[in-house]
Each structure stands twice: as C-alpha cells, then as structure tokens.
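Trainee: Next come the chains, spelled out residue by residue.
There are 2 protein chains.
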Amino acid sequence: MTLETSHSRSSVGIVEKQYYTFAHPPELLVLENGAEFGPVTIAYETYGTLAEDKSNAILVAHAFSGDSHVAGYYRDDIEDEKPGWWDSMVGPGKGIDTDKYFVICANILGSCMGSTGPGSPNPETSDPYGLDFPMVTIGDMVNAQKALLDSLGIERIHAVVGGSIGGMQVLQWCVRFPEMVRCAIPIATTMRHSALAIAFNEIARQSIMADPNWNNGNYYGGSRPDMGLAVARMVGHVTYLSDEAMRRKFGRRLQDKETFSFGFNADFQVESYLRHQGIKFVNRFDANSLLYITKAADYFDVVESMNKSGPANDTRQNKIKYLIVSYTSDWLYPTYQAKELVKTLKRTGQDVSFCEIEADCGHDAFLIPDDRLSKLIGGFLNGTA
Amino acid sequence: MTLETSHSRSSVGIVEKQYYTFAHPPELLVLENGAEFGPVTIAYETYGTLAEDKSNAILVAHAFSGDSHVAGYYRDDIEDEKPGWWDSMVGPGKGIDTDKYFVICANILGSCMGSTGPGSPNPETSDPYGLDFPMVTIGDMVNAQKALLDSLGIERIHAVVGGSIGGMQVLQWCVRFPEMVRCAIPIATTMRHSALAIAFNEIARQSIMADPNWNNGNYYGGSRPDMGLAVARMVGHVTYLSDEAMRRKFGRRLQDKETFSFGFNADFQVESYLRHQGIKFVNRFDANSLLYITKAADYFDVVESMNKSGPANDTRQNKIKYLIVSYTSDWLYPTYQAKELVKTLKRTGQDVSFCEIEADCGHDAFLIPDDRLSKLIGGFLNGTA
Numbered sequence: 004m005t006l007e008t009s010h011s012r013s014s015v016g017i018v019e020k021q022y023y024t025f026a027h028p029p030e031l032l033v034l035e036n037g038a039e040f041g042p043v044t045i046a047y048e049t050y051g052t053l054a055e056d057k058s059n060a061i062l063v064a065h066a067f068s069g070d071s072h073v074a075g076y077y078r079d080d081i082e083d084e085k086p087g088w089w090d091s092m093v094g095p096g097k098g099i100d101t102d103k104y105f106v107i108c109a110n111i112l113g114s115c116m117g118s119t120g121p122g123s124p125n126p127e128t129s130d131p132y133g134l135d136f137p138m139v140t141i142g143d144m145v146n147a148q149k150a151l152l153d154s155l156g157i158e159r160i161h162a163v164v165g166g167s168i169g170g171m172q173v174l175q176w177c178v179r180f181p182e183m184v185r186c187a188i189p190i191a192t193t194m195r196h197s198a199l200a201i202a203f204n205e206i207a208r209q210s211i212m213a214d215p216n217w218n219n220g221n222y223y224g225g226s227r228p229d230m231g232l233a234v235a236r237m238v239g240h241v242t243y244l245s246d247e248a249m250r251r252k253f254g255r256r257l258q259d260k261e262t263f264s265f266g267f268n269a270d271f272q273v274e275s276y277l278r279h280q281g282i283k284f285v286n287r288f289d290a291n292s293l294l295y296i297t298k299a300a301d302y303f304d305v306v307e308s309m310n311k312s313g314p315a316n317d318t319r320q321n322k323i324k325y326l327i328v329s330y331t332s333d334w335l336y337p338t339y340q341a342k343e344l345v346k347t348l349k350r351t352g353q354d355v356s357f358c359e360i361e362a363d364c365g366h367d368a369f370l371i372p373d374d375r376l377s378k379l380i381g382g383f384l385n386g387t388a
Numbered sequence: 004m005t006l007e008t009s010h011s012r013s014s015v016g017i018v019e020k021q022y023y024t025f026a027h028p029p030e031l032l033v034l035e036n037g038a039e040f041g042p043v044t045i046a047y048e049t050y051g052t053l054a055e056d057k058s059n060a061i062l063v064a065h066a067f068s069g070d071s072h073v074a075g076y077y078r079d080d081i082e083d084e085k086p087g088w089w090d091s092m093v094g095p096g097k098g099i100d101t102d103k104y105f106v107i108c109a110n111i112l113g114s115c116m117g118s119t120g121p122g123s124p125n126p127e128t129s130d131p132y133g134l135d136f137p138m139v140t141i142g143d144m145v146n147a148q149k150a151l152l153d154s155l156g157i158e159r160i161h162a163v164v165g166g167s168i169g170g171m172q173v174l175q176w177c178v179r180f181p182e183m184v185r186c187a188i189p190i191a192t193t194m195r196h197s198a199l200a201i202a203f204n205e206i207a208r209q210s211i212m213a214d215p216n217w218n219n220g221n222y223y224g225g226s227r228p229d230m231g232l233a234v235a236r237m238v239g240h241v242t243y244l245s246d247e248a249m250r251r252k253f254g255r256r257l258q259d260k261e262t263f264s265f266g267f268n269a270d271f272q273v274e275s276y277l278r279h280q281g282i283k284f285v286n287r288f289d290a291n292s293l294l295y296i297t298k299a300a301d302y303f304d305v306v307e308s309m310n311k312s313g314p315a316n317d318t319r320q321n322k323i324k325y326l327i328v329s330y331t332s333d334w335l336y337p338t339y340q341a342k343e344l345v346k347t348l349k350r351t352g353q354d355v356s357f358c359e360i361e362a363d364c365g366h367d368a369f370l371i372p373d374d375r376l377s378k379l380i381g382g383f384l385n386g387t388a
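As given, the protein sequences belong to chains A and B, one line each in that order.
Quick note: the first sequence uses the numbering used here, first residue 4, plus one each step.
Quick note: the second sequence uses the numbering used here, first residue 4, plus one each step.
Possibly wrong hints are sitting among the right ones.
Each pair may be met inside one copy or between any two copies, as identical chains are not told apart.
Straight-line C-alpha distance at most 30 Å; calculated DSS-like pairs for lysine-lysine [what the hints assert, rightly or not]: (1) Lys57 - Lys103; (2) Lys346 - Lys322; (3) Lys97 - Lys378; (4) Lys342 - Lys252; (5) Lys349 - Lys252; (6) Lys260 - Lys311; (7) Lys20 - Lys378; (8) Lys149 - Lys342; (9) Lys252 - Lys346; (10) Lys252 - Lys311.
FYI, nobody ran anything at the bench for these hints, they're computed from the structure.
Use the sequences and the hints to build the structure in full.
Mentor: This is the structure:
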C-alpha cells in the first residue's frame, strides 16, 4: 500500500469527494421556513465499507467551517498536504474504526465546501444566489443528510457523531428521526445558543455586513468582503480558545522584536496569530456562508423537542444511546449546558452517558488529537455494537 | 438649594468641566516612547473642597471610554440629563464622601472627552493629529495627571481609585509616585493584559482599521469609520458583560416579533441591544482614541515594577495601603489576576486588603450602583483617614 506509506500519519489513505444532487424541480425540498428549494447538491465522503445489511453506517457531522473531508488525503503527490479534519479519530483501529464502520460525512447545506450554499449558482439566473439563498436551519441540514442516506439505501445509522454545530445536527437527528439512530454522540455542543453565543455570532455577522465590499451579499463577481470576514473569523477564533490556552500558547510574548513598536503593528504574538487566522480564513471560506450558518446555529433550539421525547412518547425497544461530551475550558458551550442536556434526557428516561474532559484548550478541544476522546468514543461504540 | 431639588438623584449638584494646559514648547512632555510632545490639555472636574493643608485629595481614574464627569450634572435645565458615571459612589455621605474629600477626575491623555488626543488639532498643521498623535502609555496618562496635581499645589493624594483601565492608572501611580499616594484602590483590573484581553482589543482595532472610512486615521473632515467603530464597541461590550448577566438580561428573547425573521434582521433582543450599543458609541467616541487607549492598555505591565517595590526598597513609615477589589463574574480581568497582584504586594511586604465581590454582571460591575462597593470603599477610606 504505497498510499499508506507516503501518508504515514493517516491510515485511511486517498479519498474522493462525492456529490449527490436531489430536490430537482418540481419535487423541491420544503425548508423549515416554509420555502421550497432545489436542486440541492450535497458533497460527501465515505470511509470504510458498508456492510451487506447496511447496519454499520456512522454519520459524522462537521462544525461551522468544516467540510466533508474527515480523514485521509485527496492526492498522493503533495507531501505536505494536510489530512482531513478528524483524521486522528476516523480510520482503521481508531476511535471511529473504519475496519468496522462505514463512515459518511456530508458538507452542510449553506456551506461553501461543495454543498449548495449562497455562493452556488442560482439556476434561475446562473449567478450566485447571494442573499437570494433561503435561510436554512440545522433541521434543513439534517433533512439533506437524510436524503443522502436514503439515496445510499441506509435506513438506520449505527451512530451520529459531531462537535459544536456538528453536535447540534446530532441532537436534531435524535429528535427528528429517532427511529433511524442507534447511538448519538454530541460533543462540545448545546441544546440552544445562550445570549453570549448569539452575541458573538452577531458581532461576526455585523463585521461582514459593515464591509462595503459585502454589498448586500452581491460580491461574487468583484472584490470580496475580506476585511470584514477576517475580523469575523478573529472573533470566532477567540471563542474557540480559552484564557488558559491563550496564556500558554502566547502569553505576552512579542512577535519579531524585543520592544514595543509604539505603533499599530502586531506587537504581540497573539495579534499576529489572529491576523494570520483571519487572512487564512478568507482564502477558504465564503462570507455569506458564515452569515447563514451562524444564523442557523442561533435559531437552533431543541429544548422543547427534547423534553417531549420521553418514555411516554417513545416505546421502542431500542432507544437511542447517548454519549455526551463536554470540555472543562469550553466557554462557548460550557459544561453546564451539556449537563442541562443530560438532565433533560434523563428526565425523559433516555439512556445517557456523560463525560466532561479536563482540557485547557477551550471549545476546539474536540478537534485536537486526544486519546481520551478516541478511547471514549471507541469504547462506547464497541459497547453498543 | 434648587439645584439639589431638581436633581434629587445626585447630591453633588451642578459641576463644570475645567481645563489645564501644560507642556508648552519648548518644555515638552517626554513620553515613555522617548518622543517629546506638547502642548497637552487635560480636561478635569473636581468635587468637594480642598482642605487648607491640601491633604484630602482623592484622584479618581476613569476607564477606557469614560471621562472627567464622575458625578453631578452639567446643566440644571435638562430634566433627563444623566449624572456623571460614578454618581452613586462620589458625593456627600457616599462611598467617596465629598463632605470630607476633594475629588479630582481627569480625562486621560489620548481620549476624546476634552483632553488632548488624536482628534485634537495638531498645532503644527491645525488639522487633527490622526495617527501623527504619539503612542501614549498608561504611564504617560499618569504623568499628565501628576502635572495637573502639581498645578493645583497637591503634593500628596489621600487616595487614588479606579476600575479597569482606571485601575491600571492606580497601579501606575503606586509604582511611579509611591511617595505621593497614601491609599490605592484598584478595582476590576490587572497588572498586565492576558493574551485574551489583548486579543479582544486587537479585534476591536482591526475592526476599525478594516473600515475604508478609517483612511489610516485621516477621517476628521469626512465620513467617519462608524461601522468599524460600532463593531469594535460590540466586541468590547460583550467582554464587559458575563454569560450569567446576558442570560438574565436577554436569554433568547425575541425582539418585536413572535417568530424568527428567517433573514438577517435582529431577531434576538441581544442582537438589537448590541447594535444599539454600537450606534450609540459612534456618536460619542472617536475611533482613533479607541486605537490609542486599547494599545496603551495592552502595553501596560507593572509586574516587574511591583516586584521591585518591596520593603528593601521602601523604607517609608507610611507605606501605601491597598484595597484590591475583583468581581466573581469578571472574565476580562478575572479574580485570579487580582490575586496575583495581592500575592505580589504581600510578598514585597505591602499593606494589602482584598475583596472579591459576588456579582453576576461581569467586568462592568464596578460601574453599577452597589452598596457593597460603596461601603467597602467608604470604610476603607475612613480607616485610613
């Protein structure tokens, strides 16, 4: 296996992005806001082999700026290409073991990584949708994933797993299609955004909308709102870190020099780092997608649905088994919010395991390779197989 | 006293902003960055009566966007005019008792509330300084306050009091002019910014500098960078609040409507509130002043100076008496940072009292009328009179 040798860090090897298009007129997708929309293309990737009885599928849901590329590499010819965003978790013998499971990850509706989003061409005009793209919800994203699974002939998934906005999709799966889900692993997530989380999203949106290049969303032919998007990313990035992690990673260390510039250059490493993160982001992400996805996250609220899903309403033999994971230093979706989810599920008689992982690196902890999370997920999946 | 009757909430009555100008060429102010600068005008206000022996002065240092208007009213004719920003603390019989003390507050150098700042006319060109304004530090702000006190013939201050960046000025007074300070009350502050605090300031600066109207600081004749400044204020505002306070104040309550707009209007009250705070701020504050003051706060670092100020180096009979105050929900300058200050001062043999106040309203707690803080400060001052 030369592929594995040349990419020794990853054991999934070379993977390929695939596309599924549905909701062709007149059979449009009915969105949660009542609008009808289509066609919809969903970019997705799969890893491992689907069992003959199609019982071994695991759906991985990605976070805000993620994509379908969970593990492995697209090409064999670029030495330093990075593997997928959760390569440490997904692969043969890993937490989500591709020797056992058929793993699927789909880019969310509204994104800009292959699935239909505000930057996609509007078939009616051939121009990008811009703000003519409809407001999509986490529920709509899940409906699109359901359509993809239908197309693959998968009637039941062994597990749905995801962190952050990926975790919201996990919860949405559980309330919308409970009969299709055997295990659910929502990580570093919440049943609904707090005012603080909405506030940071709103600041990010306002930053983009304050950029004259944004031009009410019509910028695809010209200059893009790079400045606004970069600031928006800086805001988001800080919320994904933690006070402790930033002290450890940057402290007050200076960038290139020994003394202050006494000007508005980046004196501190943390300033350079944030500027770099902002610039890097504009090269890979679409500002309008940020607007749509953050709004979907703000709208998301499964508290009522979760409260309704109790034993009285759920007489199935095989109820969903939940593994809920939070991180001590996550201040975007703090552990108290995970505990509210645990309490809600326990009150309604669900099968819940909960683990708070001690980590100083904030909300993004679930994306950082960590044996504890891999073993936790691996063990949980083994126990439910 | 008709003044007091018509402004029953304030007992200081009508006050007047005063101005002191110094550092006339060729006797310029030498700044910490080595540059010489002048003339410098400092706007200030006083409350109460200076004792004949000039021993009862208390200097109040204001926070980032504050001004010299601590208490009372400027006019008697506007019923709904708001009193000064710390009217609950400063007045006859209040925590800082103007029947006993002569209270002075000076607008900081670099600000836009009467003291010389980047929006002031450069005498060489008659145009506003813009980025030709020199980078000033917390130390420079304190040197300007010292010049003001000299002009008033005050050789020793009974106390220097301030929260946030005001607290930094308090600490700077203690390390720079310890022989002039009898008591120091730094509130909700830090010896130096953490990477997190620098990060939020940098995001605010980048937001302003991303606004094309900012025009490298030259906007005074034309359109101002209102959009960038509004977003910067939104960022700052969130850091002054807390998760708890925002849950209590806003939660997920909707603005004006019963359902989601499924668009980019402000659906949630917290969104409207932040937008309102942003818009309100651009009407009263100068974007360049934000750049300069946040940079001064980021540069501020008295850890080394504080460590040097020990019994070995301080043989005075009357050492400074410190009262250090922090708030449980302040995540900008959390209590652990106040405790570092306490430890540093204790290690060097200083006279330190420390109080952490239980409050859910975040960093801005010290600005909110609270009997606990008033009694704490009043009691401390009484004990040292």
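Trainee: With reference to the structure, classify each hint as holding or not holding.
Mentor: Here's how the hints hold up against the structure:
In this assembly of identical chains, the alpha carbons of Lys57 and Lys103 lie at most 30 Å apart only when taken from the same copy (12 Å versus 83 Å across copies). Taking CA atoms no more than 30 Å apart as the test, Lys346 paired with Lys322 passes inside one copy only; the shortest distance there is 17 Å, against 54 Å between copies. Taking the shortest alpha-carbon separations for Lys97 and Lys378, only the intra-copy value of 8 Å comes in at or below 30 Å, while the best inter-copy value is 60 Å. For a Cα distance limit of 30 Å, the shortest separation of Lys342 from Lys252 qualifies both inside one copy, at 29 Å, and across copies, at 22 Å.
For a Cα distance limit of 30 Å, the shortest separation of Lys349 from Lys252 across copies, 29 Å, qualifies, whereas the shortest one inside one copy, 38 Å, does not. Taking the shortest Cα distances, Lys260 and Lys311 sit within 30 Å of each other only across copies (25 Å), while inside one copy they are farther apart (59 Å). Taking CA atoms no more than 30 Å apart as the test, Lys20 paired with Lys378 passes inside one copy only; the shortest distance there is 28 Å, against 66 Å between copies. In this assembly of identical chains, Lys149 and Lys342 lie within 30 Å of each other by CA distance solely inside one copy; the values are 28 Å within and 53 Å between copies.
In the homo-oligomer, the alpha carbons of Lys252 and Lys346 lie at most 30 Å apart only across protomers (24 Å), although the nearest pairing inside one protomer, at 35 Å, exceeds that limit. For the homomeric pair Lys252 and Lys311, the shortest alpha-carbon distance between copies (27 Å) is at most 30 Å, but the shortest distance inside one copy (44 Å) is not.
Going down the numbered hints, you'll see the structure goes against none, and every one checks out.
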